[in-house]
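**Student:** Protein sequence lines, in the order shown, are assigned to chains A and B.
Quick note, in this note's numbering, the first sequence goes up one by one and the last residue is 696.
Quick note, in this note's numbering, the second sequence goes up one by one and the last residue is 696.
Note that these hints are calculated values from the structure, not bench results.
Please note: incorrect hints may appear among the correct ones.
Identical copies go unnamed one by one, so any copy, or any two together, can satisfy a pair.
Stated by the list, open to error - Cross-link-like lysine-lysine pairs, in silico, BS3-like; alpha carbons within 27 Å at most:
#1 K552 - K541
#2 K555 - K567
#3 K612 - K567
#4 K312 - K645
#5 K325 - K645
#6 K330 - K312
#7 K323 - K645
#8 K681 - K545
#9 K559 - K617
#10 K334 - K674
#11 K645 - K559
#12 K354 - K334
#13 K428 - K567
#14 K676 - K323
#15 K612 - K417
#16 K327 - K645
#17 K428 - K681
#18 K674 - K354
#19 K676 - K555
#20 K567 - K325
Here are the chains, one letter per residue:
Number of protein chains: 2
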Amino acid sequence: MDNYDIGDLITIETENTTYTGTIMPSLNDNIIVIKMKSGYNAGIDKNKIKLIKLINKGEKPNYKIPPLKISENNNLKNISILSTGGTVASRVDYNTGAVHPAFTADDLIRAVPELLDIANINGKVVLNILSENMTPTYWKMIAEEIEKEVKNGADGIVIAHGTDTMHYTACALSFMVDADIPIVLVGAQRSSDRPSSDAALNLISATMCATEQIKGVFVVMHGESGDTVCHLHRGVKVRKSHSTRRDAFKSINSIPVAEINPFKKQIKYLTELEKTNKNNIKINTNLEEKVALIKIYPGIDGNVINYYVDNGYKGIIIEGTGLGHTPETIFENIKYATDKGVLVAMTTQTINGRVNMNVYSNGRELQKLGVISCEDMLPEVALVKMMHLLGNYDTEKAKELMNKNLVGEITEISRFDSY
Amino acid sequence: MDNYDIGDLITIETENTTYTGTIMPSLNDNIIVIKMKSGYNAGIDKNKIKLIKLINKGEKPNYKIPPLKISENNNLKNISILSTGGTVASRVDYNTGAVHPAFTADDLIRAVPELLDIANINGKVVLNILSENMTPTYWKMIAEEIEKEVKNGADGIVIAHGTDTMHYTACALSFMVDADIPIVLVGAQRSSDRPSSDAALNLISATMCATEQIKGVFVVMHGESGDTVCHLHRGVKVRKSHSTRRDAFKSINSIPVAEINPFKKQIKYLTELEKTNKNNIKINTNLEEKVALIKIYPGIDGNVINYYVDNGYKGIIIEGTGLGHTPETIFENIKYATDKGVLVAMTTQTINGRVNMNVYSNGRELQKLGVISCEDMLPEVALVKMMHLLGNYDTEKAKELMNKNLVGEITEISRFDSY
Chain A
278 MDNYDIGDLI TIETENTTYT GTIMPSLNDN IIVIKMKSGY NAGIDKNKIK
328 LIKLINKGEK PNYKIPPLKI SENNNLKNIS ILSTGGTVAS RVDYNTGAVH
378 PAFTADDLIR AVPELLDIAN INGKVVLNIL SENMTPTYWK MIAEEIEKEV
428 KNGADGIVIA HGTDTMHYTA CALSFMVDAD IPIVLVGAQR SSDRPSSDAA
478 LNLISATMCA TEQIKGVFVV MHGESGDTVC HLHRGVKVRK SHSTRRDAFK
528 SINSIPVAEI NPFKKQIKYL TELEKTNKNN IKINTNLEEK VALIKIYPGI
578 DGNVINYYVD NGYKGIIIEG TGLGHTPETI FENIKYATDK GVLVAMTTQT
628 INGRVNMNVY SNGRELQKLG VISCEDMLPE VALVKMMHLL GNYDTEKAKE
678 LMNKNLVGEI TEISRFDSY
Chain B
278 MDNYDIGDLI TIETENTTYT GTIMPSLNDN IIVIKMKSGY NAGIDKNKIK
328 LIKLINKGEK PNYKIPPLKI SENNNLKNIS ILSTGGTVAS RVDYNTGAVH
378 PAFTADDLIR AVPELLDIAN INGKVVLNIL SENMTPTYWK MIAEEIEKEV
428 KNGADGIVIA HGTDTMHYTA CALSFMVDAD IPIVLVGAQR SSDRPSSDAA
478 LNLISATMCA TEQIKGVFVV MHGESGDTVC HLHRGVKVRK SHSTRRDAFK
528 SINSIPVAEI NPFKKQIKYL TELEKTNKNN IKINTNLEEK VALIKIYPGI
578 DGNVINYYVD NGYKGIIIEG TGLGHTPETI FENIKYATDK GVLVAMTTQT
628 INGRVNMNVY SNGRELQKLG VISCEDMLPE VALVKMMHLL GNYDTEKAKE
678 LMNKNLVGEI TEISRFDSY
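With these hints in hand, go ahead and build the complete structure from the sequences.
**Tutor:** Given below as structure tokens:
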């Protein structure tokens, strides 16, 4: 092993497998890590290696990282990139091949120096978590950091975020942050050490959008599976709709706000947006965390509703079937909830389309039991909105506001060109 | 009012509104029902009517329903249409404008006489429910009815079903019924009294497919929002993906099996299917109903898992985030479940795409806790499959079979042409 260096292309034979790839840094002396042609990394126990063959000697890597010296350009806007973790800000664990969050915001700039042509970048690590571990408490922290940045002169905010729950966070910030600037969440489906990584184009596109004179909370991700355009989505109309594709995020019951060409540095707006050139900000981080989301299915045990009611829950979002229905067998459980003053609201598990509880008798009965319609809101959006409303108002007022459009989360009339 | 007859086109003025439409039958002497141009019905309290104006006198309706006399054609196959209720087999309540299930299978044939050119039709009412009220017990009843029909000589089965849970039933029948014939579920998004109804074309297309020499359980619905083609979907790869559109059903992680042109009576296969010309059938209706589906979200209370475990549940399907993750805060609850022998399996709430718990540390930890991957199975399919497996095998064997393909529910390699 001592004859081979990082960067060398080698073939390793073990009893069962032959690996070919480039030697990567390893944190464990007993393991050799190679990056294979597929883009995946393999960690191989040195004791199990039968033969190593050199294919090509690699160039000696230069480990000196140049100091990050950024001079401010007065013609450019000031954009703060807040890093919360996730694939867009991740590194590979070269022992296991698994991906861990690690990069700092500074590292992001180092990885994508083009960002400095778009804006004066101020990087800051807010969190360092995988987004599956995101919590309402972290949402509040991010809102507070946004407020600090804007008060310190930021013209726009980019938030590097894991993709698993990025749409939940985008939604939470939509309700929590009332700002006259763009707040753009961005992630990546493939980590930056892979040739197919979408991290750089997404970051460039997000930063471009953050310099625009628009207001609101948005998500930027690949608009197609290829490296062509990115899409700017409204934070309250978007959802992660695929587990692996780079164009995983789709606007639901809506179309994207804009199409971004990061190569030509062009933004084409597809819908009209309110323009602003102020930097006002006001945040309201009150949240009632005792709100549950229940997805309906044939044979569901209605007593799970009682479980939540008996454990002090203040609100329940039902992800019903079709136009917003549940089995009539759980009507008594829903009545138990509404009788106890728990706010119960209906969304649909079809994901696409609007709730309408006026068409079938089942929906009418549910309305009589006090269940309110969430219109064309996504279940995830309805959940976060109810947390926000019950954190700020009594149940009656929250019930009244639940199916009123506050920040673009409800579309009055469905567009025919959105599925 | 006594001057006007059913079928007359009239204008009614009340204090607040003016209605124009055709008088429909009313079950309540105090209410006049009209069908408006929009296709919607309005029931108007006679006491609130200020003025009625006749626009056109309608033709006297002929209430005599001709007897259904069907002579068997030896050149045609024998298809049984089993009616379970739903919009495809619904009538409008002319008092309220709401839709109720009512039509019998005979009524379906009366409404769509073209069916008799396609096959010898044997209609039977199995259930009369809205599909939101479907239960595992009803799945068993339908499977038993299918067995009876096939043993009595049916060459194919069509099941008229409400759309809300049609994909759950299709999935249940896929696992319960092992037959050498096509079993085709069909629904409608608009009731047959509306000009935009999709009921007739869907029924014709489904019946066409039921006469084919294919085997398995399928769903037929509109393939586009217009009246052009219908799609034949595999029962284990399909999902209601829109609350209102006529092309609400989409094959997920797959493409439709075939495209049906009901006007030209043509079926174009898009994937290869096993051909058969036998009528063998075997059913297995064992089900473990104590299986729960839990959708994950930021801030979820992990103790809901303990609730299910403590209430005797044998299996839990998790609808995780991204590649199949949960917040690490609920790891201890998952461990509680697997330690007690509860089978826990992972699907993804992105709906599209495959679970892969090898990429991130979160997924690896979940695997260590005993959680198994459901690959590219839909959450709904994983739920029904686990009910089937735990109804027939011990937990160890069920765990082994859960991520093996049994009836087409798992695709080994994802198609690039499916989103």
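**Student:** Any hints this thing doesn't respect? Which numbers, in order?
**Tutor:** 2, 8, 9, 10, 11, 12, 13, 14, 15, 16, 17, 18, 19, 20
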